[in-house]
Amino acid sequence: MTFIKMTKLTIDNRKVEVESGSTILDAARKLGIDIPTLCFREGFQPSTSCLACVVKIDNRLVSSCATVAREGMEVESETDEVQQARRTALELLLSDHVGDCMAPCHSICPAQMNIPRMIRQIAADKLRDAIITVKEHIPLPAVLGRICPAPCENGCRRRFYDSPVSICLLKRYVADVDLTSEHPYLPSCKPQNGKRVAIVGAGPTGLSAAYYLLQEGYACVLFDEHEKPGGMLQYGVPKDELRRDVLDAEIGLIEKLGAEFRLNITIGEHTSLKSLQSDYDAVLIAVGELKDGNAEQLRIQAPGNRIKVERDTLKTDLKGVFAGGNAIRRRNKISVRSVADGKTAAISIDQYLSGLDVTGPHHPFTVRIGRLAEDEIQRFMVDVSGAGRVMPSSGGALSRHFSDEEARAEAIRCLHCDCRKADNCKLRDYADVYKANPNHYKAERRLFEKYIQHPNVIYEPGKCIDCGLCIQIASEAGEPLGLTFIGRGFDVRVGVPFGRSIAEGLQKAADRCIAACPTGALSFKFEK
Amino acid sequence: MAAVRKIIRISNLKMTEIDLSFIDKIVEKIGRGPEAVIPILQAIQEHYRYLPDEVLQHVCEITQITPAQITGVSTFYSQFRHQPVGKHIINVCHGTACHVKGASSVDDAFRRHLGVSGDDDTDADGLFTIQKVACLGCCTLAPVVQIDLVTYGHLTSEVVPRVLRDFLELQKRDAPQQKREYVIGKQGDYAEIRVGLGSCCVARGSGKVYDAMRQALIDTGVQAVVKRVGCVGMCHQTPLVEVVPPNGPSFLYARVQSADAKQIVLRHFKPKGMARKISYSVSKALENILTDEAWEPVARYSIEVRDPPVAAFLGRQKHIATEHSGHINPTDLEEYLQHDGFKALNRCVNELTPEQLIEEIQNSGLRGRGGAGFPTGMKWSMVRQASEFGIEKSVVSHSEPIVGQVDGISAGERLLKSELKYVICNGDEGDPGAFMDRMLLESYPYRIIEGIAIAAYAVGANEGIFYIRAEYPLALQRVREALSRCEEQGFLGNDILGSGFSLHLRIMEGAGAFVCGEESALLASIEGRRGMPKLRPPYPAESGLYGKPTLVNNVETYALVPWIIRNGADAFAALGTEKSKGTKVFALAGKIARGGLIEVPMGISIREIVEEIGGGVGSDKRFKAVQVGGPSGGCVPAELAHTPVDYEALTAVGAIMGSGGLVVLDDSDCMVEISRYFLEFTQDQSCGKCTYCRIGTRRMLDMLNRLCEGQGKKGDLEELEQLALTVKQGSLCGLGKTAPNPVLSTLKYFRDEYEAHLEKRCPAGKCKALIRYSVTDYCIGCTLCAQHCPTEAIAMTPYQKHEIDADRCLRCGTCKEVCPVDAIIVCS
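Line by line, the protein sequences give chains Y and H. To convert, note that position 176 of the first sequence is 176 in this note's numbering; the numbers rise steadily by one, no gaps. To convert, note that position 226 of the second sequence is 226 in this note's numbering; the numbers rise steadily by one, no gaps.
Hint data in this document are derived by calculation from the structure and do not stem from the laboratory. Worth double-checking, as some hints may not be accurate.
[As the list claims (entries may be wrong)] Okay, the calculated bits of chain Y under chain H, using three or more residues with CB under 8 Å as the criterion:
no.	region
1	166-180
2	433-443
[Stated by the list, open to error] Examples of chain Y residues lying across from chain H (beta carbon under 8 Å, computed):
no.	residue
3	F44
4	L51
5	V54
6	I57
7	R60
8	A89
9	L92
10	Q301
11	G482
12	T484
As the structure is a prediction and not an experimental result, all values here were calculated from the model. Glycine residues also receive a C-beta, built at the ideal position from the N, C-alpha and C atoms.
Can you build the whole structure from these sequences, using the hints too?
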């Protein structure tokens, strides 16, 4: 019989018993307390470098990942003071972080489409993947590909080198290829949950909301006073800018997903908001720009011809009633924003109908490099085409579009400013949980660096937190050169001995290093 | 064995051959294990003057050292250079004392003069490489630079061109420089002429004085012994010469020049035979004519020990670690033995059990002098009781046949326990403004060896390491010499003094990383790794060097041990306060009349040190604060100068005992700038392991820089304080935990100065961005300022009041220095 010696301690006054020799972190995890750890990895020597995992014992802050629990220890973990210290550690790391979680184009896109990912998929000729990426945020890409003013291209960093990547036309290319294919992409829907949502107005906001609500299993009924759906896309945009067969095809896909249209119906005449409220579980008002008298007709408060909503959730003052699109805004009435509102409303309505707190979409924590230093743009110009913006040769003056070759040639101009590990970064995750302010400590920023000599690996020293896990892994793997810390103190950097490249340093252990890297410092070139 | 290879290197259009056979030889000599990396790198750098990549790669081919290790280590320590350097290296000291006396202006002046700007460090001709060093330990000569082996002190930006000229002339004259051998005279009935040969004295030319004294004796035929002695501590008066007649009072001469030698000899001794005297006076007269030298009466330099200032400097001191200060030749073993040397060790190994010895040390109340003040006896006891197997007592049964049993402990047990333990002397003194360890190692190497040997016996260690900074060449040389003498004479090695106890001591040269003063980083360094600290516990007492129980004590701690054993714990404990016993050695420097190395009884007040021993700050200045404990310590303001030298009392006021730097500040020192200075140092010395220290200290420095540049804004002080407290609480090791102390203590006592900086004022007139120089009506129009201004910010207007162009002005202060009528003022 083996006898296991146990140690009893308390964390935040909760008792816990662990095998002797266990760390405070082990004990906390046993209690279900999530202490943030960046540099610590199970199976490795704790490097106690990030200090995000501090706890307080005997009036001292110690790393919980390496401090052995002792009998009778009283540990403070989730107190304000300890959390503040952890936040400080995260904010200090962020103050020395050079890299964007999301590419500037992605951040600027009202619909938050993941543009760099779409472009990589185009470059790799994975167009089915590309349309999935697009439609995650934009249900009418063929339409927007023709009429969107493309705020994203203003954000494109490539403009500091020559001119922005033609993002809008690339999206149109992806959408057109999909739309003209035999089986255009249709997302899968959850089973019907029996709840019904009334959507007033079948314009871009309403269509978009329906597209996402249907996927969550809600029944959607779209009411519109016109004889055809599409709202201002149908009745406002000139036909030579937007061919109506394209619009109808994209609406057709939403209908195919299960949307029910009740056309030629005016609220206030044929039915009332009140009766929709009682007949449906939730209502979305997406009637487009309000004209004088519209609000009275709807019997809804609209000072200055704008329906008042909560900004993040699009909730109105009325229970179960949401509003979006041009009906709520005075400026920036562009269809991509309406489409974005549709998705926001869908998320809020889903939260509302699931009995959750209505908070709207989660905006993940994001760091930004911001303004570049003089000539810093050159540092982004690695592994990209130096050619100028591709001018599409097909289509009329108002409707130019890319051929396959042109799309590919344009796609390889993208600088891929985004972080490849944006969805798998401990620094980002804990910064989100701890509401860290990345700009808390003002500092002179280091210059951007990116190394791509390795066939599969991207190394961005600006995102490294000096945990040393990759150094340990490379050494254990018997890499002939491996990695090492170079320099000391604030300027310490992980690098390959004798100024050699990452390709030479990591001949065997690259995959393991990437998996262990807590941030986006080491990442795969190609998304798996 | 790798064949001898030659690599042709092409750099700067010059072809250099690198002969790798040298590497094979040094590897053969030093070793091939990972722990050999630092000594190998040091040898390579000494040979090539930098570390060529191809040489490092060759080392990896022929040893167990990996590319990752050699790159990591060689880029961690400041000593190592990866780029070729100029023919001569100018080390500009940026220690605290130098800093407060204008080191940065001197640094700027050198750079300006050599045309070195930006990130460059070498002039266009490749003649000089200029680099900052943390501290040369010559604080009383501040500001100091060292060009190769020549030290220049008391510099101003004004004299920089002269210094360079002088150095180059010296090169022409002395080349090839011969290594001087000093023959030590035998003691007897002869008079002694003692020449101080501590680093401060040497820096001021005492080597030449020594030679001149010997020459003077030969010339005059006077029978006397010229003897070199360790540091007297009166570094403000160096070079010091003491003439000690066989009977009668001794005479002390300060600031002696080699030209004074004959005068001094003639003043005290009659030349042998009149003929010599006549010929001497003739030649002297000739000499005077030839050199056209203004021959000042040497009596000017004479100081009497009874003179009030000297009496005050020496009178309040108590010499224990510095026993026989200024009397004994540092490397003369016989003389050490005549002064009770190794009596304490003999008593310990032959009369006391380790337990009795530890008890004695515990009773003395001795605490670690490295800074933290951990009770020494307790530390020894922990190491004594530690064993790899966690068994605290006897491992070998006493019933077994035992050979050489001493006091109930079997030889077998002693062997088994002790072969697993190490004892280490921490001589990695890196605080800017501190040079106690350097002086002790230079002046009393035998005493420290004896202390280590006693400690090793107490804890049961047979292996020991002297960790000494490579920046202390004289200390290294003397300890090396002392170690080999001790081994020859049986004070070290096997069977010490016939006791059966063995101890082997070796030297490890530190490679320039302040953090290695932290014991876990020091151990990493000895093991051939980057000097990164690790989380404690476990402490070195349980798991130290190579995971074995290890005793790490500071130089001064060991130096106190023999005295305690000889005079008894009670005699030591009778000195000092309730919790701080004995004496403490301080390096006293800064804005003070008499700086130097002092040893004072614990409990003496800061004011007594500053005013009585140090002679105060001078009549036209106001004593503002004392910085105690260097970059880990804090400022004690003048109002709290009654604070006694006591571990707890100093901690209570926000300073720490530290290793013993005391830098006195006056009203011309800006406290914001002082804390910025210290933080710049610690920030630069951070190993970079933990977030709070690596980035936290940098962000604190950013804030302080903004304050000094007048870019601070409301809320910054609170932000700074908050971050300082987090860094202090959360950092992994002592460096980070204490780095915020200078900031926190000045924020506490001098918050008004910080607030003034928020309003873009620097009350002390130090922060360049917040001040301007202007000329008052006292100006006589002599044009000296205009002639010396390095940027032509002052137009030459003879007989008229001069004006300073604020846009061109560098705020270097040269004009203020040269103005004969004090007509230049600083406004904020």
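### Task
Provide an ascending list of the numbers of those earlier hints which the structure does not satisfy.
1, 3, 6, 10
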